[in-house]
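Asks: Each chain, written out:
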Amino acid sequence: MPAVQETVERVKSIDVDQYKYGFETKIESDRAPKGLDESTVRFISAKKNEPEWLLEWRLEAFRRWKTMSEPDWARVKINPIDYQDLYYYSAPKTTAGPKSLAEVDPELLKTYEKLGIPLREQEMLAGVAVEGRSKVAVDAVFDSVSVVTTFQEELKKAGVIFGSISEAVKNHPELVRKYLGSVVPVTDNFFATLNSAVFSDGSFVYIPKGVRCPMELSTYFRINERNTGQFERTLIIADEGAYVSYLEGCTAPQRDENQLHAAVVELVALEGAEIKYSTVQNWYPGDSAGKGGIYNFVTKRGDCRGNNSKISWTQVETGSAITWKYPSCILRGDNSQGEFYSIAISNGHQQVDSGTKMIHLGKNTSSRIISKGIAAGVSQNTYRGQVSAHRKASNARNFTNCDSLLIGDKCGAHTTPYIEAKNSSAVFEHEATTSKISDEMLFYCRQRGLSAEEAVALVVNGFVKDVLQHLPMEFAVEAQKLIAISLEGSVG
Amino acid sequence: MALLEVRNLQARVEDKEILRGLDLTVKAGEVHAIMGPNGSGKSTLSYVLAGKSDYEVTGGTATLEGEDLLELEPDERAAKGLFLAFQYPIEIPGVASMTFLRTAVNAVRKKRGDEELSTPDFLRFVREKAKELNIHQDMLKRPVNVGFSGGEKKRNEILQMSLLEPKMCVLDETDSGLDIDALKIVADGVNRLRAKNRGFLVITHYQRLLDHIVPDVVHVMAKGKIVRTGGPELAHELEAKGYAAYENAA
Ligand SMILES: Nc1ncnc2c1ncn2[C@@H]1O[C@H](COP(=O)(O)OP(=O)(O)O)[C@@H](O)[C@H]1O
Ligand SMILES: [Mg+2]
Chain A
1 MPAVQETVER
11 VKSIDVDQYK
21 YGFETKIESD
31 RAPKGLDEST
41 VRFISAKKNE
51 PEWLLEWRLE
61 AFRRWKTMSE
71 PDWARVKINP
81 IDYQDLYYYS
91 APKTTAGPKS
101 LAEVDPELLK
111 TYEKLGIPLR
121 EQEMLAGVAV
131 EGRSKVAVDA
141 VFDSVSVVTT
151 FQEELKKAGV
161 IFGSISEAVK
171 NHPELVRKYL
181 GSVVPVTDNF
191 FATLNSAVFS
201 DGSFVYIPKG
211 VRCPMELSTY
221 FRINERNTGQ
231 FERTLIIADE
241 GAYVSYLEGC
251 TAPQRDENQL
261 HAAVVELVAL
271 EGAEIKYSTV
281 QNWYPGDSAG
291 KGGIYNFVTK
301 RGDCRGNNSK
311 ISWTQVETGS
321 AITWKYPSCI
331 LRGDNSQGEF
341 YSIAISNGHQ
351 QVDSGTKMIH
361 LGKNTSSRII
371 SKGIAAGVSQ
381 NTYRGQVSAH
391 RKASNARNFT
401 NCDSLLIGDK
411 CGAHTTPYIE
421 AKNSSAVFEH
431 EATTSKISDE
441 MLFYCRQRGL
451 SAEEAVALVV
461 NGFVKDVLQH
471 LPMEFAVEAQ
481 KLIAISLEGS
491 VG
Chain B
1001 MALLEVRNLQ
1011 ARVEDKEILR
1021 GLDLTVKAGE
1031 VHAIMGPNGS
1041 GKSTLSYVLA
1051 GKSDYEVTGG
1061 TATLEGEDLL
1071 ELEPDERAAK
1081 GLFLAFQYPI
1091 EIPGVASMTF
1101 LRTAVNAVRK
1111 KRGDEELSTP
1121 DFLRFVREKA
1131 KELNIHQDML
1141 KRPVNVGFSG
1151 GEKKRNEILQ
1161 MSLLEPKMCV
1171 LDETDSGLDI
1181 DALKIVADGV
1191 NRLRAKNRGF
1201 LVITHYQRLL
1211 DHIVPDVVHV
1221 MAKGKIVRTG
1231 GPELAHELEA
1241 KGYAAYENAA
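Chains as they are written, first to last, in my numbering: chain A, 1 to 492; chain B, 1001 to 1250.
The hints are simulated quantities; they were obtained by calculation from the structure and are not laboratory data. Careful: at least some of the hints might be erroneous.
Simulated pairs of lysine to any residue, SDA-like, Cα-Cα distance not exceeding 20 angstroms [said to hold, decoys possible]: (1) A/K363 <-> A/Y326; (2) A/K481 <-> B/G1094; (3) A/K357 <-> A/W73; (4) B/K1141 <-> A/D466; (5) A/K436 <-> B/K1080; (6) B/K1153 <-> A/W73; (7) A/K436 <-> B/E1165; (8) B/K1111 <-> B/E1165; (9) B/K1111 <-> A/S451; (10) A/K436 <-> B/D1054; (11) B/K1052 <-> A/D439; (12) A/K157 <-> A/N171; (13) B/K1080 <-> A/S451; (14) A/K436 <-> B/A1096; (15) A/K465 <-> B/P1143; (16) B/K1141 <-> A/N461; (17) A/K465 <-> B/G1094; (18) B/K1052 <-> A/K465; (19) A/K436 <-> B/K1052.
Construct the complete structure from the given sequences, taking the supplied hints into account.
Replies: Dropping the structure here:
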């Protein structure tokens, strides 16, 4: 069955106005008291039995945060956030930390099953190599804590460290201490600083020198608790000559209030290393009247620290009420490469302000940006990008292609590129187009037997094809389905 | 029962009356030609039959095998067996022709209650039909109609027509922009599809297409109505005398 039709089957099988992942899991949880002050930070740190240096690090961030204000330059309208009306820590009561699957609360496992992460299946497959099917190790983060990480044994054999960042603080403090905050400084921006103060969990990956990670690594984030902010922190280090491909997926239940998600992701690629980071973001977008939904305010940055290193971001952003997110690359090493491939879809009342920064510092660095924005409903979709070459960055190269597709005439697409070359040898190319799905195109497809939804899915899949092909195979199909689902009801 | 039955059909676009009481009956197995001056409403008729949304039907009926066409969505009409070969086929960037064909074939098959074709069966089916129309495999890898020459676009329409196995085929100026060799390929393609259970409505401005697709009935359309009906000889008469007599008729 071709993907498009499969997509439509899936779309039909779910209720149109029903966010597919909007169920709630009934689990007792352990929470920090509402609100945020120094004692909250201490509470979180104590819950995790953290060393003194990390508590200090958090407290410094917290003090700094108190002096900062929310950024206001994005093209988004945000309902005021009452930071004292949130819970900053919530953990499922039955789970104190990663355990074997047998010890995990069956309710949680059910949740992950509903999310389509076959944890059990994967564990079973661990010993058996099924031809034509690659393995994916999963770290699952539920509200504030990592609940289970699969495939530990096999990863250990390869010397790969993959698990929750809390575990890493205990077991590999030297690595965490060395790299935490080294890409996104504690003081970077309001949301990143907040995250530094209160981050609860997230994933940690270390790939040793010369190791090619034997499987895809993946983290699933899920916000379950009401009024809970999720502040996960991800740190990935690829040592010299190492390679890793990492995927994160996210979902949240349907809630009337806006929920805050302020994550920080830091990537470090040492000499000759390559990190491929893919995101399929499907947080709850709010209902058809624009009520509720996740505020997705995320700071993601990769540092090509070594020569000949490479970092590639691929994102499929379909969820969240507001997305504020600019996965970036610092091209520090000579000959380093940065890539950003993005599909950002906004429907209903969603607002997306997303893009990337490519900071060329080393010599002969190159970057490539392919962004596909799709706006439907009454949504607003902005691409914001910055490409800059430092004075010493001779022969910097950038190619940017930024296309917008409008569905209907009540939505908006905007492109805001900043380009700055302080070295005259830089060559930056920028292409941008805006097009509309025309009635002519839809009628042509429908005359050939496609329903309105099938027609939109087909045209949109054509539009995003160049980006989809950068996703790991296993997830490209999933992403394609998600795109169709998120555009449900965009024509009518 | 006639295959296609159009009675007193009236339609407007943007408040402009275009079809003004059109009657037409096509029986299974017949090929009808509609000729007429530019602007007489030939394309409008094809769009109204296919269900394009900016055309508002203000009166009359149209049925396919007795079933009310005008009530159906465009894709339902396609599934019922109505096919329109567009005068100006639409480009769909990024969507490979092969993907488009397969999606369309399976969508229609499913609506008709048929099994979807397996990949090998589909490929065999397409290759065979494409070869008949002199369509190269490379063309099928390119995005739908993007950068196609005029001839390629029209051959692609006929390819889709062969694959979707319609009952009633409406061809809107399929000959326009074709040189004589391309015209012959397209006409042969259409002739191969002629069958006892299938009807054709061939819209054309020129008689030369009708030398290759010989019609059973020829209609002259002017100002939104059929104003004259005859046999193939009527096409020759029009070729010789032009449409001047009809520009002011009706
Ligand atoms: N979408 C439209 N908007 C406005 N006028 C239209 C539209 N489509 C057709 N018309 C008008 O309707 C009349 C008939 O057009 P058409 O059906 O294309 O004629 P033909 O195919 O016989 O040349 C013309 O006057 C044309 O300008
Ligand atoms: Mg016409």
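Asks: Sort out whether A/N171 lies within 20 angstroms of A/K157, counting only the CA atoms.
Replies: Distance of about 17 angstroms is within 20 angstroms: holds.
Asks: Does the structure keep A/K465 and B/G1094 at a Cα separation of 20 angstroms or less?
Replies: holds (7 angstroms)
Asks: Under the criterion that the straight-line Cα-Cα distance not exceed 20 angstroms, is the pair B/K1111, A/S451 satisfied?
Replies: holds (10 angstroms)
Asks: Given the hinted pair B/K1141 and A/D466, is their Cα-Cα distance within 20 angstroms?
Replies: holds (15 angstroms)
Asks: Below or equal to 20 angstroms on CA atoms is what counts here, so check A/K436 against B/E1165.
Replies: This hinted pair is violated, its Cα atoms lying about 31 angstroms apart.
Asks: Quick one, are B/K1080 and A/S451 close enough, alpha carbons at most 20 angstroms?
Replies: holds (14 angstroms)
Asks: Take a quick look at whether A/K436 and B/K1052 sit within 20 angstroms of each other, Cα to Cα.
Replies: The hint holds at about 18 angstroms.
Asks: Measure nothing beyond the straight line between the CA atoms of A/K357 and A/W73; if it is 20 angstroms or shorter, mark the hint as holding.
Replies: Given pair A/K357, A/W73 holds - Cα atoms ~15 angstroms apart, limit 20 angstroms.
Asks: For the pair supplied as a hint, B/K1052 and A/K465, confirm whether the alpha-carbon distance does not exceed 20 angstroms.
Replies: Given that 20 angstroms is the threshold and the Cα spacing comes to 28 angstroms, the pair is violated.
Asks: Given the hint that A/K465 pairs with B/P1143, test it: the Cα-Cα distance must not exceed 20 angstroms.
Replies: The hint holds at about 12 angstroms.
Asks: Hint check: B/K1111 vs B/E1165, CA-CA at most 20 angstroms. Holds or violated?
Replies: This hinted pair holds, its Cα atoms lying about 13 angstroms apart.
Asks: A/K436 and B/A1096: Cα distance at most 20 angstroms?
Replies: holds (19 angstroms)
Of the hints listed earlier, those the structure fails to meet are numbers 1, 5, 6, 7 and 18, in rising order.
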